[in-house]
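J.: Go ahead and model the full structure; you've got the sequences and the hints to work with.
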Amino acid sequence: MELGPYILLASLEGAVSAAVLALTAVGLSLVFGVMRVVNIAHGEFFMLGAVIAWFVAQSLGGHPAIGFTAALIVAPLLVGAIAVVADLAILKRIAYDPERTIVATIGLLYIIQQVTLMTYGPEARPVEAPFNQRIALPWFEFGDNGLEFYYPWGLSTTSYKLAVIAAAATVLAGVWLLMTRSRAGLLMRATQADRDMALAFGIPVERVYALVFGFGAALAALGAVLVVPIQQAHYLMGADPLLLSFIVVIIGGLGSLPGTLVAAILIGLSDGIISVFFSPTLAKILATLLVGLVLVFRPQGLFGTRAA
Amino acid sequence: MTNGQRIIGLHLGLLVVLFALQFLLPAYHHGNMARIMVLASYAIGYNILFGYTGLLSLGHALFFAAGMYGLSLTIQHAGFTPAPALLAGVIAGIMVSAGLAFLALRTTGVAFMIVTLMFAQAGYLTILYFAEYTRGDEGFVIQAGQRLLWGIDLSDPTNRYFAAFTLFALCLLASLALVRSPFGRTLVAIRENEERVTMLGYNTFAHKLAAMVISGTLSAAAGATYGLLFGYAGASFASVQYSIFPLLWVLLGGAGTVLGPFIGTLFMFYLIDLSSGITTAYMLIAGVTLVLLTLFAPQGLIGELRRRVWRWLP
Chain C
0 MELGPYILLA SLEGAVSAAV LALTAVGLSL VFGVMRVVNI AHGEFFMLGA
50 VIAWFVAQSL GGHPAIGFTA ALIVAPLLVG AIAVVADLAI LKRIAYDPER
100 TIVATIGLLY IIQQVTLMTY GPEARPVEAP FNQRIALPWF EFGDNGLEFY
150 YPWGLSTTSY KLAVIAAAAT VLAGVWLLMT RSRAGLLMRA TQADRDMALA
200 FGIPVERVYA LVFGFGAALA ALGAVLVVPI QQAHYLMGAD PLLLSFIVVI
250 IGGLGSLPGT LVAAILIGLS DGIISVFFSP TLAKILATLL VGLVLVFRPQ
300 GLFGTRAA
Chain U
0 MTNGQRIIGL HLGLLVVLFA LQFLLPAYHH GNMARIMVLA SYAIGYNILF
50 GYTGLLSLGH ALFFAAGMYG LSLTIQHAGF TPAPALLAGV IAGIMVSAGL
100 AFLALRTTGV AFMIVTLMFA QAGYLTILYF AEYTRGDEGF VIQAGQRLLW
150 GIDLSDPTNR YFAAFTLFAL CLLASLALVR SPFGRTLVAI RENEERVTML
200 GYNTFAHKLA AMVISGTLSA AAGATYGLLF GYAGASFASV QYSIFPLLWV
250 LLGGAGTVLG PFIGTLFMFY LIDLSSGITT AYMLIAGVTL VLLTLFAPQG
300 LIGELRRRVW RWLP
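Protein sequence lines, in the order shown, are assigned to chains C and U. The letter at position 171 of the first sequence is residue 170 when you use numbering that gives the first Met the number 0, and the numbering goes up by one with no holes. The letter at position 246 of the second sequence is residue 245 when you use numbering that gives the first Met the number 0, and the numbering goes up by one with no holes.
Careful: at least some of the hints might be erroneous.
Stated by the list, open to error - Covered stretches of chain U (chain C as the covering partner; in silico rule of three or more C-beta atoms under 8 angstroms from a C-beta of chain C):
1. 104-112
2. 117-129
3. 293-306
In case anyone wonders, no lab produced these hints; they're calculated from the structure. All figures in this text were calculated on a predicted structure; none of them were measured in a lab. Think of the CB as a built atom: it goes at the ideal place given N, C-alpha and C, for glycine as much as any other residue.
T.: In structure tokens:
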């Protein structure tokens with residue numbers, strides 16, 4: 000394959016990971032923005048979504064679409080419920096102190112991960128995609144006969160991958176509408192702007208916190224259900240989404256939704272393209288250093304306005 | 000008895016007990032104890048930054064690994080003998096901690112935690128990237144023949160115990176001397192109220208920098224000793240897990256207490272040792288302990304002891 004089709008392929012793969020990353024990172028960003036706490040266990044909520052999707056698909060059987068659709072509904076709800084319980088049982092009791100929350104969510108990370116290891120086991124298991132047609136993509140070339148289209152070998156994507164991108168875009172638009180147009184979004188934004196003032200105006204701040212924590216986790220789980228037919232479910236799969244979401248949230252500016260979205264697309268695409276040409280380890284080294292340096296020299300993020 | 004005498008007596012007493020245990024412990028626990036003392040030295044280093052200065056780092060594995068690889072790479076590829084290799088490990092620790100301190104101390108709170116986490120992760124990935132020299136995750140063994148320190152064979156259990164004891168005693172006494180010195184008291188003041196310390200005319204940045212370098216140096220010394228005594232260096236010692244462990248040990252034992260890191264390491268080591276006999280998911284214990292500690296005993300074991308009984312504990 001020549002360079003051109005290669006880059007197109009890499010950016011298509013990158014677009015899929017950007018879509019999933021955007022869902023996960025927006026979840027993390029919401030929790031940080033509204034609650035001002037960093038949830039280290041976010042990657043494990045992602046993993047839990049994928050594992051629950053496998054359990055649901057496995058127990059239903061029949062056509063893959065039935066199991067997948069059920070998982071799409073059950074996994075985010077269940078993961079969201081688990082997160083709400085964790086919020087009420089742990090975070091609320093330590094009064095959302097930022098540093099203690101980090102320690103507690105590190106504990107939560109190990110609890111979720113190890114309980115999954117004990118119940119689900121160490122194997123990686125796939126969930127079958129509801130539909131999965133291969134779509135060959137054309138490429139053009141200026142030859143002797145002018146502009147020519149042809150189908151290079153290996154340049155293809157699947158209908159499912161395109162559907163993932165569309166689904167993620169729809170959900171993100173929904174989150175945007177929820178935050179800007181609905182009463183629930185208004186309460187969340189009020190809590191984000193000034194917790195004490197919101198409390199004084201009778202907003203049930205603790206209930207808002209619990210719901211935001213659950214909603215953030217549910218978004219991560221949704222991203223995981225979408226990705227699990229492409230990437231298998233495994234008890235250690237939460238580490239990479241956590242790291243990448245962190246990168247996205249910090250580059251995009253802590254607590255800023257549009258910034259997070261732009262950064263997710265940027266990071267997802269460049270991660271896909273860089274990984275094709277360089278070693279993935281080198282790409283990760285550069286990305287982690289970038290996050291560290293951005294936090295040191297530009298703590299408000301590249302697009303944000305508020306310091307961490 | 001004055002409090003000063005009590006404090007000195009208690010800590011020297013612990014060292015005497017640990018020295019005597021060498022002759023009493025059965026082989027299995029003898030080996031464990033040597034390991035615990037080296038890891039407790041790492042925890043003591045961590046405690047100086049976290050417990051006394053109030054800076055929560057999530058990247059101390061970087062310093063531990065700097066010491067370990069400073070020692071093992073110079074032995075493996077430059078043909079160093081253990082004494083200069085140990086020195087190389089400690090110097091690596093000083094340089095890495097000073098470098099990270101200059102960057103990370105520009106931030107505070109949650110940003111400080113994430114910055115240290117990210118740089119430690121970059122360090123871990125760098126070790127994986129240069130797998131040609133470090134053998135990555137698999138790691139490499141330092142042969143018994145390369146572990147003769149001034150003619151003492153450190154692969155022998157008795158010598159190993161004594162070497163671990165020496166490191167631990169040095170770290171414990173250094174930490175005790177530090178926290179009783181004016182410098183140590185300034186660090187505690189920074190932890191309690193940094194703005195006020197600045198207003199009193201102290202250079203808080205210099206103090207925090209020094210604390211981070213001392214903390215990183217002790218951690219690197221522990222890492223180098225660990226590699227030398229147990230003859231192995233692997234990338235897993237640079238992973239996030241090894242940044243979480245000292246936090247866990249110090250929280251369990253009691254942050255901001257001199258004995259806390261040792262007590263926490265001792266308890267956690269045996270807790271994980273016992274549970275790994277039952278299940279492979281032994282990190283579950285670590286997770287549950289972390290959550291329970293943040294909820295019910297943020298002071299840790301020695302911290303609770305100090306609060307309730309011995310108010311004079313340093």
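J.: Hints first: check each against the structure and report whether it holds.
T.: Hints and how they fare:
With 6 residues bearing a CB less than 8 angstroms from a CB of chain C, the segment 104-112 of chain U meets the requirement of three and the coverage assertion stands. With a threshold of 8 angstroms between beta carbons, the proposed coverage of the segment 117-129 of chain U by chain C holds, since 8 of its residues qualify and at least three are required. Remark: the segment 293-306 of chain U is confirmed as covered by chain C, as 3 of its residues place a Cβ nearer than 8 angstroms to a Cβ of that chain, reaching the required three.
In summary, this structure violates none of the numbered hints.
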